[in-house]
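Residue numbers (this note's numbering), protein chains in the order written: chain W, 6 to 163; chain Y, 59 to 107; chain F, 20 to 574.
Mimicking DSBU-like on lysine-lysine, the simulated pairs with C-alpha atoms at most 30 angstroms apart in a straight line are:
(1) F:LYS139 / W:LYS105
(2) F:LYS536 / W:LYS13
(3) W:LYS13 / F:LYS270
(4) F:LYS270 / Y:LYS79
(5) W:LYS99 / F:LYS472
(6) W:LYS136 / F:LYS472
(7) F:LYS339 / W:LYS10
(8) Y:LYS79 / F:LYS339
(9) W:LYS105 / F:LYS472
(10) W:LYS13 / Y:LYS79
(11) W:LYS10 / Y:LYS79
(12) W:LYS52 / F:LYS573
(13) W:LYS10 / F:LYS349
(14) F:LYS265 / W:LYS10
(15) F:LYS349 / F:LYS265
(16) F:LYS527 / W:LYS13
(17) W:LYS89 / F:LYS66
Some chain F residues well away from chain W (every beta-carbon gap over 12 angstroms; in silico):
(18) LYS66
(19) ARG116
(20) ILE156
(21) ARG183
(22) GLN189
(23) VAL228
(24) GLY346
(25) ILE499
No wet-lab data here; the hints were simulated from the structure.
Every residue gets a Cβ at the ideal spot worked out from N, C-alpha and C, and that includes glycine.
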Amino acid sequence: MHMHKFEKIWLTFGISALVVFLTVVGVSAFYLGNKPPSCLTTINVDKVDQTKPFDKPGLHKVEGKDWDYELVYVAQAFSYNPLKVEVPVGAKVKVIATTKDVVHGFEVAGTNINMMLEPGYVSEYTTTFDKTGEYLIVCNEYCGAGHHLMSSMIEVVK
Amino acid sequence: MAKAELKTNQKTEIEDSSSLKGTLASVFLLGAFIVVTWVSVYYLFVERF
Amino acid sequence: MANSTAAKVKVDPRDAKLSMAHFFVAFSALALGGLMGLLQTLVRSGKWELPWGIDYYQILTVHGVLMGLVLTTFFIMGFQYAAVSRTTGGHSNAARRTGWIGFWIMLVGTLMAATMVLLKEASVLYTFYAPLKAHWIFYLGLTFVIVGSWIDGAAQIMTYAKWRKNNPGQPSPLLSFMAVINTVMWIIATLGVAATVLFQLLPWSLGLVDTVDVLVSRTLFWYFGHPLVYFWLLPAYMCWYAIIPKIIGGKIFSDSLARLSFILFLLFSIPVGFHHQLTEPGIDPAWKFLQVILTFMVIIPSLMTAFSLFATFERYGRSKGATGLFGWFKVLPWGDARFTVPFIGMASFIPAGAGGIINASNQMDQVIHNTIWVTGHFHLTAATSVVLTFFGISYWLVPHLTGRKLTKAMNKLGIIQAWVWFIGMVFMSGAMHFEGLLGGPRRSAFSTYGGAKQAAEWIPYQIAQAVGGTILFIGIILVIIIFINLAFFAPKGEEEFPVAVAENLEEKAPMVFENWKLWLGIAAALILFAYTIPFIDIIQNAPPGSKGFQTWSKW
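In isolation and in its complexed conformation, chain W is listed as follows (with noise of 0.2 angstroms):
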């Protein structure tokens, strides 16, 4: 089986520029602090009203952690609680959330954060709210009548 010379050139830039993305990819990921939202905690879908931290919704401050606030939301169809928050620019957070019933998204439009919500599940993403603004989080995964109704808001303010 002959391969012409060109198409060994192209092949090699080709899989050379790949390995770079996932190179670049890879280590922000595993060593930069970039990895998707991967939280294996898993929780009872029935008893999420009385499990911490989901018993109290909101933003919280907390001492002693990488962190300085825990930003914590319950999705349900078809409303996320809080459906507003006010969080300090500068803020490191982390976000975190479950479903009360079926598959929810929760997409903060215009940043990063971007997760799915699944029954029985924890889902959680720890980011730096750098720049003030008016955040929408809509539920970017069908989950019924109104799913197009379903948003929050949070405010990054000085």
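Please build the complex by placing chains Y and F on the supplied structure of chain W, with the hints as guidance.
For chains Y and F alone, coordinates are given in the frame of chain W:
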């Protein structure tokens, strides 16, 4: 006589019917498109929180 | 004995009938599914509401199921069945009977599932994610479609196996080899979705069990869901590699490398489902990244294909006297719809594939996951590259099978249709990509999200999508006109089924490519490697399961 023939048959760039220069150029244009779009979205990821 | 397994230039009329049966279903699905798509874009423009109590998520389910499962599976099986018949000399009576049985089971399953959706018993979208719980007849219908497809595909495998037995030591005809690779890949892939439907969703929807493990179900679905898109893509590659060169008057650049690319697809299309689950909880990020690496491996056969296709065109163009770096481009037969329509599909695969690489890049997925960028992406890959190629195939295949000719008028209309489609897609898919980058979610009816500023920015893009969708619907009408004409009204005659020949006839493909034990063994090893440990983890760490929900609107 041989020399005259050689002159008319040679150009500085020999392009015969089996050349794949256009193919190489085309796939590298495709490669450039892939790299530019990938880097642009990577930039978005880095810029956003 | 006469070699009854030599290629015949005309598909046996009995095989033609079965292929055409598939195409009637496929094009019906296209027509109805296309109407649904138009209505969706009109709703999302904010300027129109669905009448008569029809629900957006109901028509979204119809659109996805018809376009992504019915149009595709029926067209592909019909095309591959015809291609195997043409290149092996014809199917045996047993294979043909098997094909018909498969076809009818698939059709019955489709009607069962479709009825449930129309009754608002299954507004669960074509991914039917648990714990949304549809009516059990919906899941049973899907089971019939899957099992029917196995039987339908078995016909191709039976005929291939018979050809191999009658031609020892010979590489099988390229189109037949490729069809069988695709069918085998489909069977391995559908084991996953069959497992979740049969062992989880059916018993659960029948009330035999109370709860379902959601993450297991999703993981089994996406084990299937990624190779599904390669099941769609590979028949387009079959056309580009093994038919287009004949249409333009050229040769296959490398028969062996074409086969190698298909083997690489068989190996690397399946152990990669996690790249559809990158933002899900419950899956270890190390295993996610491993499957990202495997995903990048499956890019390689497409890079090879790009080179082969450009090389085929350049070789042909230069043989016609074209010079310069791109002179060959001008001498391609642009007036021939059988070439031009698939070519537009090929060209569209450049932005399509680039978007796919971005989607698969681990944490970069967070920029666009479940935004309407993803919808824009698959309207380029499946709804342009693959579907335009399928249209281009049908322009010669339908008249070939029905004993008619592709007329000059239909040829011209076919080219116009492809440009209409392309322009519509630029508007629609283009707007979807940009709206997605701004955060606009997918799978969503019209909403102003409580007056949020960011949501207001999305609406102009949705208007552009409605413009694109309307243009695309005109394209649907045009292609249906062509299909009906070529099936029933075009003048009788002989339309060629073009089969390309390799440039280098001395270079026979290595027989190791037909060593199924080897390739299936490696494919199985890769799947086990990529999935065993994380799947066991998912099962062992599973939370209590979920009861069913019907959160969609009912009649």
